[in-house]
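Engineer: Chain B: place on chain R using the hints.
One line per chain: the protein sequences are R and B, in this order. The working numbering puts the first sequence at residues 1 to 140. The working numbering puts the second sequence at residues 1001 to 1176.
Be careful, since some hints might not be right.
Quick list of the computed label-pair ranges, beta carbon to beta carbon [stated by the list, open to error]:
id: 1; chain 1: B; residue 1: Pro1103; chain 2: R; residue 2: Ala71; range: 43 to 53 Å
id: 2; chain 1: B; residue 1: Leu1010; chain 2: R; residue 2: Arg138; range: 43 to 53 Å
id: 3; chain 1: B; residue 1: Pro1039; chain 2: R; residue 2: Gln37; range: 19 to 29 Å
Covered by chain R, per the in silico footprint, the following chain B stretches (three or more residues, Cβ under 8 Å) [stated by the list, open to error]:
id: 4; region: 1006-1013
id: 5; region: 1023-1031
Hints were generated in silico from the structure; no laboratory data involved. Computed from a prediction, not measured in an experiment: that's the story for all the values here. Ideal Cβ placement from N, Cα and C applies to all residues, glycine included.
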Amino acid sequence: MRILLLMLICGPLWAWSDAEEQRYQALIEELRCLVCQNQSIAESNADLAKDLRGQARDMIEAGRSDAEIRAYMTERYGDFVLYRPPLQPRTWALWFGPFLLLLAGFWLLWRLRRPADPVPEAPVSEERLQALLKDSQRHD
Amino acid sequence: MKRWAFALPLLVVVGLVGLLGAGLKLDPTIVDSPLIGKPAPAFELPVLGGDRLISERDLTGGVSLFNVWASWCVACRLEHDILVELGKRDDIRLYGLNYKDEPDDAQRWLARRGNPYRLSAMDRDGRVGIDWGVYGVPETFVVDADGVIRAKHIGPLTEDYVNDELLPLIRELKDT
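Isolated chain B (complex conformation):
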């Protein structure tokens, strides 16, 4: 009894250290979205630079990327080139959610850098963003042909994410 009584606190400490150490490696700024696997939240917003409305129905009928961006978002510039490339593909439709932005600023930003989006929805007060669980910019949602959210990426898109996760997912969605 005495022998394993001494080992027990050590085991507990080692166990705790292991658990907490693993926890330290996690990034708390990446909050898992509860919307994965759920239908895309309904919305109806004016289109940037157009006179029509866009809704969640536009995200059905094919695999869509819904990219949250803004002209005031510095990190968005990092992913712009990747978005331009993705926008050229014919197996994805790229839509934007222009979040808490001024239409003039947004238009100017796209004019300067190129517009990769088919359409951008203008979410001026951020209410639609709240419905989508947006808490930072940029964020990108993958929506399948039935309008169900299949993935969410927090932060700028990276080559690694696109090659290792996004494209395989799109291929998988195409096959089903």
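If we strip away everything but chain R, and leave its shape as in the complex, we get:
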């Protein structure tokens, strides 16, 4: 009975709620491992990844927000540690560039589809037409 009471009191101290677990998983998947640069710290086996996962975990437990944890990482490792580059004037080209290029491509296609000015046809007389047709039949 006393053990049960003790567990009830101590439980909340080492409980890691589902919400926190979700935050942790989301965060470690959007932080890049600088050693194995094509992996997030969630996937990487590098020592640094393990240390940074631990750091993220400690910060969540200490009640830090996601923004604070991201700021902590970028203050030390720069924007490259985030998989999602921040949206700032200096990254506008990176974020909007592809869409602008796509739009430019569509515009170009549209312009090129417009039919060229029709060339006025020289009217062909009926007799000339018949003569031409007979001519081509004879050569078959």
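Structural biologist: Only chain B this time, still in chain R's reference frame:
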């Protein structure tokens, strides 16, 4: 209109190729440090082989090199001779950050190869390394007399880097 409509995709492609080609020449393993121009991160660690503590305050009062090293780091052997030479200079103070290492292994490594450092801080769990943005070993930081980080070199120090960048920077810092 038709004439330059044909040139436009070509220009775009040439522009893209130029941009991407330049990008291919960059080394992605060299990550720029956001700490350049900022004060050295605070720390307090025991000294390797001693019974005192070392902190970021020890890096003030003169131009310092803070070299991240470990006995398990193979690349560190490549720069050791250069560090020994730098350690002999009287215009730089050389300090070490012994990163994620065992004190015994670290001591043995220095005994075998020579200890170029005035002092080495023992960062056994790598937490101080994280504060300094360390992601590989070796790395070297240049800290000025006011304790501001002025440069960071990723990888072993080379003759070229020392002659072309490090010594000129130190000279510049001395003059200010």
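Engineer: Okay, the region 1023-1031 of chain B and chain R, do three or more residues pass the C-beta test at under 8 Å?
Structural biologist: holds (count 3)
Engineer: Is the distance from the Cβ of Pro1039(B) to the Cβ of Gln37(R) consistent with 19 to 29 Å?
Structural biologist: Roughly 28 Å apart at Cβ, these two residues keep to the hinted range, so it holds.
Engineer: Evaluate the given range 43 to 53 Å for the C-beta pair formed by Leu1010(B) and Arg138(R).
Structural biologist: Check passed, 48 Å falls within 43 to 53 Å.
Engineer: Holds or violated: the region 1006-1013 of chain B covered by chain R, criterion of 3 or more residues with Cβ-Cβ distance under 8 Å?
Structural biologist: With 3 residues closer than 8 Å to chain R, the region 1006-1013 of chain B meets the three-residue bar; holds.
Engineer: Between Pro1103(B) and Ala71(R), is the Cβ distance one that fits in 43 to 53 Å?
Structural biologist: Given a distance of about 33 Å, which is not inside 43 to 53 Å, the answer is violated.
The structure fails hint 1 only (numbered hints given earlier).
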